[in-house]
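Quick mapping for you: the protein sequence lines, in order, are chains A and B.
Here this note's numbering is used: the first residue of the first sequence is 1, the next is one more, and so on.
Here this note's numbering is used: the first residue of the second sequence is 389, the next is one more, and so on.
Among the hints, a few may not be true.
Said to hold, decoys possible - Here are the computed lysine-lysine pairs in the DSSO-like style, where the Cα-Cα straight-line distance is at most 27 angstroms:
#1 A:K243 / A:K382
#2 B:K603 / A:K243
#3 A:K243 / B:K443
Claimed, not checked - Now the stretches of chain B that chain A is said to cover, found in silico as 3 or more residues with beta-carbon under 8 angstroms:
#4 465-473
#5 476-487
#6 496-504
Claimed, not checked - Ranges of calculated distance between the beta carbons of each label pair, as one might list FRET restraints:
#7 A:P10 / B:A513: 19 to 25 angstroms
#8 A:I28 / B:A513: 43 to 49 angstroms
#9 A:F371 / B:D502: 38 to 44 angstroms
#10 A:D253 / B:Q414: 31 to 37 angstroms
#11 B:D445 / A:I302: 43 to 49 angstroms
#12 A:G374 / B:N410: 50 to 56 angstroms
#13 B:Q414 / A:L16: 26 to 32 angstroms
#14 B:A530 / A:I293: 49 to 55 angstroms
#15 B:S416 / A:G374: 48 to 54 angstroms
#16 B:L529 / A:V21: 34 to 40 angstroms
#17 B:A412 / A:M235: 50 to 56 angstroms
#18 A:W335 / B:D553: 54 to 60 angstroms
Think of the hints as simulated: they come from the structure by calculation, not from any bench.
For every residue, glycine included, the Cβ atom is placed at its ideal position computed from N, Cα and C.
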Amino acid sequence: MQKSFIAQNPSVLWFLACLGVFTLGVTILSEATGTGVISTSFVKTLGKVLCLCLVAIAMDVVWGYCGILSLGHFAFFGIGGYAVGMWLMYARTEAIVIENLASRTIPPTPVEVNEAIATQIFGVVGSSDFPLIWAFSHSLTLQMLLVVLVPGLLALVFGWLAFRARVTGVYLSILTQAMTLALALYLFQNDSGLRGNNGLSGLQNIPGFEAVPQSVISMGFFWASALALALGYVMFARVLSGKMGSVIRAIRDDEPRVRFLGYHVESYKLFIFTLTAVVAGIAGALYYPQAGIINPAEIVPIASIYLAVWVAIGGRGRLYGAVIGTAFVSLLSSWFTGGGAPAVDLGFYTIQWTEWWLVLLGTSFVAVTLFFPGGIGRVFDKFARKSS
Amino acid sequence: MSTLLELSGVSVSFDGFKAINNLAFQISEPEMRAIIGPNGAGKTTFMDIVTGKTKPDEGRVLWGEKSVNLIGKSESQIAQDGIGRKFQKPTVFEAQTVRENLAMALKNPRGPLDVLFYRKTKQGAARIEALAEEINLTEQLARTAGELSHGQKQWLEIGMLLAQDPRLLLVDEPAAGMSPAEREKTTQILVRAAQTRAVVVVEHDMEFVRRLNCKVTVLHEGAVLAEGSIDHVTQNPEVIDVYLGR
Numbered sequence: 001m002q003k004s005f006i007a008q009n010p011s012v013l014w015f016l017a018c019l020g021v022f023t024l025g026v027t028i029l030s031e032a033t034g035t036g037v038i039s040t041s042f043v044k045t046l047g048k049v050l051c052l053c054l055v056a057i058a059m060d061v062v063w064g065y066c067g068i069l070s071l072g073h074f075a076f077f078g079i080g081g082y083a084v085g086m087w088l089m090y091a092r093t094e095a096i097v098i099e100n101l102a103s104r105t106i107p108p109t110p111v112e113v114n115e116a117i118a119t120q121i122f123g124v125v126g127s128s129d130f131p132l133i134w135a136f137s138h139s140l141t142l143q144m145l146l147v148v149l150v151p152g153l154l155a156l157v158f159g160w161l162a163f164r165a166r167v168t169g170v171y172l173s174i175l176t177q178a179m180t181l182a183l184a185l186y187l188f189q190n191d192s193g194l195r196g197n198n199g200l201s202g203l204q205n206i207p208g209f210e211a212v213p214q215s216v217i218s219m220g221f222f223w224a225s226a227l228a229l230a231l232g233y234v235m236f237a238r239v240l241s242g243k244m245g246s247v248i249r250a251i252r253d254d255e256p257r258v259r260f261l262g263y264h265v266e267s268y269k270l271f272i273f274t275l276t277a278v279v280a281g282i283a284g285a286l287y288y289p290q291a292g293i294i295n296p297a298e299i300v301p302i303a304s305i306y307l308a309v310w311v312a313i314g315g316r317g318r319l320y321g322a323v324i325g326t327a328f329v330s331l332l333s334s335w336f337t338g339g340g341a342p343a344v345d346l347g348f349y350t351i352q353w354t355e356w357w358l359v360l361l362g363t364s365f366v367a368v369t370l371f372f373p374g375g376i377g378r379v380f381d382k383f384a385r386k387s388s
Numbered sequence: 389m390s391t392l393l394e395l396s397g398v399s400v401s402f403d404g405f406k407a408i409n410n411l412a413f414q415i416s417e418p419e420m421r422a423i424i425g426p427n428g429a430g431k432t433t434f435m436d437i438v439t440g441k442t443k444p445d446e447g448r449v450l451w452g453e454k455s456v457n458l459i460g461k462s463e464s465q466i467a468q469d470g471i472g473r474k475f476q477k478p479t480v481f482e483a484q485t486v487r488e489n490l491a492m493a494l495k496n497p498r499g500p501l502d503v504l505f506y507r508k509t510k511q512g513a514a515r516i517e518a519l520a521e522e523i524n525l526t527e528q529l530a531r532t533a534g535e536l537s538h539g540q541k542q543w544l545e546i547g548m549l550l551a552q553d554p555r556l557l558l559v560d561e562p563a564a565g566m567s568p569a570e571r572e573k574t575t576q577i578l579v580r581a582a583q584t585r586a587v588v589v590v591e592h593d594m595e596f597v598r599r600l601n602c603k604v605t606v607l608h609e610g611a612v613l614a615e616g617s618i619d620h621v622t623q624n625p626e627v628i629d630v631y632l633g634r
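Looking at chain A on its own, in the form it has when it is part of the complex:
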């Protein structure tokens, strides 16, 4: 009598098929493994979009399904990026420093090497010592653990305090936004230990793979991003199917009623908030090596608001909606802001899309919210239902 998970959720299979075809197509057309129609920089853009889709489905779960409009999930994304960036920067600088010092007649002591790395990394903020938070930066394994642990613990503590106090709705959104802003402002400081507004850079150079061309590295990250998105999608679809999904959607629709049914609502919210924060961190850890640079400007609250806009345009409460919305809007955004869109000459005024894109995006957001609450994803709803 048990229908299998896939049979109950045919949209998961469809999604995986589409993602697979897309990944294969990009691979065939890329410079590294195929015809070269798609440039390496565009492969990176597509890989980054896949990471954004991953953080967007996390946002959809926490907002669209559980009703928590978090304006902090891009901060978790950024933390993941910083965590992996620290190792990338340390390991690469270490390699350069050792190479430079190798030409000296007296071999350098480990202390000298360490000081030289610190000076290289932190000279820009006027320091030559490693801050405490870089204690694990020499180890890829430990930094990878931090990718998961730091967003997870931050979400756990923050969520516990906020949900226990029964902060909900717009007040919770403001609280998460305050957390994001506080984090960004802290990181902007030079003595934050993460190079202030310079952020971490050169992340596209992967230590140990110096000889490998960027076209191949970008392909690797593209595949990794596609795999992460696929796994994330299946995991969230699994969490949301069955009784857990039922309870979570019930919390979104009528929180007090769920309490009187005997469910400890706060634990459920905390579970979802933390799980999605961890996924956001992983998405960030895959995104920033493709972007090459991370700085505090990336995680200011507006980034999390964009995330909400993508999910809303794609259609809240459907995972594929978040993916479609994010892919569509972020690619369109890079087309418009990258000067791809031709300027419109109205005679008396010329619309430059680099400036007007945000106006267009804002208007679309308002229009979707008011007139098409189902977003773009709504088009696919019938498709997803019919086959079930």
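Position chain B relative to chain A; hints supplied.
Just chain B now, with coordinates in the frame of chain A:
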């Protein structure tokens, strides 16, 4: 019959207004009890206190054989202890199917991990079928709860209450907005439930209360004004004065 729930000396005030004033109340198991009273008599506040939504300023709320104090416990803990509540306005999860609504209410472990790894069982499915039968919604199991009529939503909520398998049901105006035939059915459901559990029905409609054929408690200004059979309380001059006479 043993005392299941006992309130004594319970008072609560909101901004100086005494919503509940030195209230004493007892109910046994099994028992059916109707609570009547004019608007502002404290009926809803009484339910809020028992279910943990409102913390009283003073008094005791004792539950079960071990006389556990319920004050200070969370809503979800009290619900797990065996107190179910039906709201005045039918509150079902309209975006979900009748089956999902009932499945959520079924008595099962309530922790997030229990729910995450919950597997549907034959017993669970059979229980849902039986409940649907009881509340006349067998045909509607696969429908979205939002599509149900007002009366059907009321039944679904009663069904969810029964699914929790509580020892005490608090039911707020179950017959509001129902047709005579629906009222009849609702009466049957409640009377049957009261054979094995304690059921407290808050109701305005005297005719409905009369049909429940049970002990009646009249609340007025946050305290018990009279208690007894429906005929007994309706002949009480004070009751006529504050409530029925109006």
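Next item on the list: Sort out which numbered hints this structure fails and list those numbers smallest first.
Entry: 2, 3, 13
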